[in-house]
Amino acid sequence: MSFVAGVIRRLDETVVNRIAAGEVIQRPANAIKEMTENCLDAKSTNIQVIVREGGLKLIQIQDNGTGIRKEDLDIVCERFTTSKLQTFEDLAMISTYGFRGEALASISHVAHVTITTKTADGKCAYRASYSDGKLQAPPKPCAGNQGTLITVEDLFYNIITRKKALKNPSEEYGKILEVVGRYSIHNSGISFSVKKQGETVSDVRTLPNATTVDNIRSIFGNAVSRELIEVGCEDKTLAFKMNGYISNANYSVKKCIFLLFINHRLVESAALKKAIEAVYAAYLPKNTHPFLYLILEISPQNVDVNVHPTKHEVHFLHEESILERVQQHIESKLLGSNSSRMYFTQTLLPGLAGPSGEAVKSTTGIASSSTSGSGDKVHAYQMVRTDSRDQKLDAFMQPVSRRLPSQPQDPVPGNRTEGSPEKAMQKDQEISELPAPMEAAADSASLERESVIGASEVVAPQRHPSSPGSSRKRHPEDSDVEMMENDSRKEMTAACYPRRRIINLTSVLSLQEEINDRGHETLREMLRNHTFVGCVNPQWALAQHQTKLYLLNTTKLSEELFYQILIYDFANFGVLRLPEPAPLFDFAMLALDSPESGWTEEDGPKEGLAEYIVEFLKKKAKMLADYFSVEIDEEGNLIGLPLLIDSYVPPLEGLPIFILRLATEVNWDEEECFESLSKECAVFYSIRKQYILEESALSGQQSDMPGSPSKPWKWTVEHIIYKAFRSHLLPPKHFTEDGNVLQLANLPDLCKVFERC
1 MSFVAGVIRR LDETVVNRIA AGEVIQRPAN AIKEMTENCL DAKSTNIQVI VREGGLKLIQ
61 IQDNGTGIRK EDLDIVCERF TTSKLQTFED LAMISTYGFR GEALASISHV AHVTITTKTA
121 DGKCAYRASY SDGKLQAPPK PCAGNQGTLI TVEDLFYNII TRKKALKNPS EEYGKILEVV
181 GRYSIHNSGI SFSVKKQGET VSDVRTLPNA TTVDNIRSIF GNAVSRELIE VGCEDKTLAF
241 KMNGYISNAN YSVKKCIFLL FINHRLVESA ALKKAIEAVY AAYLPKNTHP FLYLILEISP
301 QNVDVNVHPT KHEVHFLHEE SILERVQQHI ESKLLGSNSS RMYFTQTLLP GLAGPSGEAV
361 KSTTGIASSS TSGSGDKVHA YQMVRTDSRD QKLDAFMQPV SRRLPSQPQD PVPGNRTEGS
421 PEKAMQKDQE ISELPAPMEA AADSASLERE SVIGASEVVA PQRHPSSPGS SRKRHPEDSD
481 VEMMENDSRK EMTAACYPRR RIINLTSVLS LQEEINDRGH ETLREMLRNH TFVGCVNPQW
541 ALAQHQTKLY LLNTTKLSEE LFYQILIYDF ANFGVLRLPE PAPLFDFAML ALDSPESGWT
601 EEDGPKEGLA EYIVEFLKKK AKMLADYFSV EIDEEGNLIG LPLLIDSYVP PLEGLPIFIL
661 RLATEVNWDE EECFESLSKE CAVFYSIRKQ YILEESALSG QQSDMPGSPS KPWKWTVEHI
721 IYKAFRSHLL PPKHFTEDGN VLQLANLPDL CKVFERC
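In UniProt numbering, the protein residues as written are 1 to 757.
It is possible that part of the hints are untrue.
Claimed, not checked - Cut-off 20 Å, straight-line C-alpha distance, at most; resulting in silico cross-link-like pairs (EDC-like, lysine to aspartate or glutamate):
1. Lys619 with Glu559
2. Lys254 with Glu277
3. Lys733 with Asp749
4. Lys195 with Glu53
To be clear, the hints were calculated from the coordinates, so they are not data collected in a lab.
Please work from the sequences and hints to get the whole structure.
Structure below.
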């Protein structure tokens with residue numbers, strides 16, 4: 001058998017370029033890194049990044065740097081074209097991020113690239129499109145700000161295997177946030193922002209006047225920033241200087257966070273990381289690691305930057321000596337900070353780490369064993385002396401708040417014809433004079449079941465769970481408390497219960513599935529069988545479960561409750577009728593007058609914005625009424641709100657901001673429309689501390705009133721909101737970690753301390 005020698009052929013230039021591009025641009029984060037470095041080389045002070053589907057579908061990066069000259073647009077995406085290097089000797093003194101001229105070329109070989117740029121002396125901007133490094137058509141003049149806007153679409157469209165390997169957009173987006181976050185920390189004088197396309201809030205956002213510590217706090221949180229030690233050393237013999245921030249002995253994480261910049265280039269060094277972690281091993285618990293942000297400035301003649309295609313590695317002279325010097329300095333800093341340690345109290349719910357609920361079951365087993373007749377002795381510290389099924393007498397007697405002489409009889413704004421600026425100010429003043437926002441809601445909006453208007457509105461909805469595994473069935477006891485009538489004033493009435501509709505919208509079903517997936521069964525069991533203790537203030541309340549006392553964030557829990565009701569009972573709500581039509585224009589003006597709106601003169605006149613809001617919501621009126629029971633008439637008046645829980649009226653003081661955010665914060669054109677709209681509605685319906693005056697604020701007003709009853713907001717929280725938590729709320733897992741549910745005491749632990757119960 002004979003073997004024939006293969007023929008050696010010169011590869012086609014397109015094949016060569018695509019192979020090289022695959023080495024430089026391995027994933028979307030590499031493209032972001034290369035373009036961010038170009039922005040920094042262009043002296044930018046503001047860099048904005050927008051991505052879609054983890055950068056695989058769209059990457060858009062904009063800066064306010066020097067821009068690209070029109071004459072250079074012809075070759076800007078060709079390989080080995082750069083403004084930072086001319087001769088090979090220049091590489092020894094290179095101080096910029098880029099030097100090879102391969103970034104844009106590599107991106108253009110695996111994606112569709114469009115560049116819009118304007119220089120300081122240019123009369124207009126120019127836009128050009130590129131493919132495979134070549135200019136597709138002559139640059140076209142267009143409007144634009146100084147700087148460069150690069151749009152990268154369909155990354156790896158011609159490398160199918162690479163695109164299939166990067167199938168998780170969320171993971172890719174996380175790597176993009178990591179890269180930009182690290183550059184934002186190192187460039188504290190520059191503003192960075194990263195967000196998904198269509199989102200209004202940035203996931204990474206730093207300010208131009210922020211310090212390095214401010215940016216570390218913004219990216220990694222307060223837990224890191226408050227435990228930082230500033231480090232710095234210099235050795236002229238080795239021609240290097242080091243500075244940065246490291247965490248002290250109080251801070252540790254499961255995975256080391258190591259930000260290393262050598263000559264301001266983001267790189268990795270396994271040897272330096274290992275040397276520093278060897279120092280921390282004597283201070284941190286086993287299998288935990290520190291936070292490290294180090295800047296090494298080494299003489300450029302001693303650094304070889306042209307080592308790796310992605311430039312994430314560099315080689316430098318005297319490496320062992322420099323590493324030893326850095327290690328010694330960090331050890332001396334840690335030695336000085338080891339005189340004290342800081343310990344934080346536990347904010348997690350013990351036994352809630354897993355969804356199995358063994359902790360609750362075991363405690364329940366102890367309580368039930370006392371009645372099983374087994375003869376096992378139950379200690380005093382194991383006894384549960386309350387029953388979550390007990391009912392209080394005041395649940396059937398809702399307190400009626402007394403009106404002050406100065407309180408207006410109708411807090412709802414009038415018709416549009418009366419909506420002058422003076423009238424709007426008068427309405428604002430009237431709202432500020434209410435004795436208590438929840439009292440105002442109860443007084444002006446007591447519920448009453450009226451005869452329905454049409455034949456289709458006669459049947460009340462049967463609120464069955466949308467998910468078979470979800471026990472969100474509404475119990476008859478939810479309607480056993482009637483709100484007291486007061487014929488002397490107008491009332492908001494509950495009417496128009498629609499027939500139960502079956503919703504098969506994919507977006508709604510996926511949101512329901514998401515709620516089920518993130519639910520925490522053990523925490524749900526606690527809320528289902530809790531005993532309400534009392535309100536600390538409008539935001540916090542105390543509840544007991546078995547032998548433990550918990551502090552619960554009523555605001556966050558009620559917000560999650562109403563969000564889940566809006567998703568599970570989607571398009572099946574009753575309607576809360578307003579006493580008379582309320583002009584959206586007046587609400588918008590009140591909201592814009594509020595500091596919470598963030599309005600400035602640059603946004604334009606308030607009247608124009610208010611008119612825009614009215615017209616915008618009128619266009620969405622049909623969808624709002626059909627899916628959310630938010631009814632708006634043809635004249636731009638609000639006439640109805642959704643009835644989410646029987647006998648509950650939202651704090652109407654938040655209605656102006658709610659109307660404003662409906663027009664400005666909801667992604668109407670995105671798939672997340674239902675989610676964002678439901679979240680805004682849930683925020684409006686939740687218990688908000690700023691809309692409730694506490695007893696201390698009212699003591700001066702009502703001290704002369706004999707027999708003044710308890711405040712209605714407390715009755716609402718205990719007998720409506722926390723009652724709904726039992727049957728309707730599936731709390732998410734993050735409530736056990738973010739401080740919304742805190743365990744304050746445990747009877748067995750108290751007995752160990754005091755040796756008595």
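Problem set entry | Proposed proximity, Glu277 with Lys254 (alpha carbon, max 20 Å) | holds (13 Å)
Exercise. Between Lys733 and Asp749, does the CA-CA distance stay at or below 20 Å?
Worked result: It is violated: about 25 Å lies between the C-alpha atoms, which goes past 20 Å.
Exercise. Within 20 Å, alpha carbon to alpha carbon, are Lys195 and Glu53?
Worked result: This hinted pair holds, its Cα atoms lying about 11 Å apart.
For this session: Quickly compare the C-alpha distance for Lys619 and Glu559 to 20 Å and report which way the hint goes.
Result: Measuring from Cα to Cα gives roughly 27 Å; hence the hint is violated.
Figure legend: structure checked against the earlier numbered hints; hints not met, in rising order: 1 and 3.
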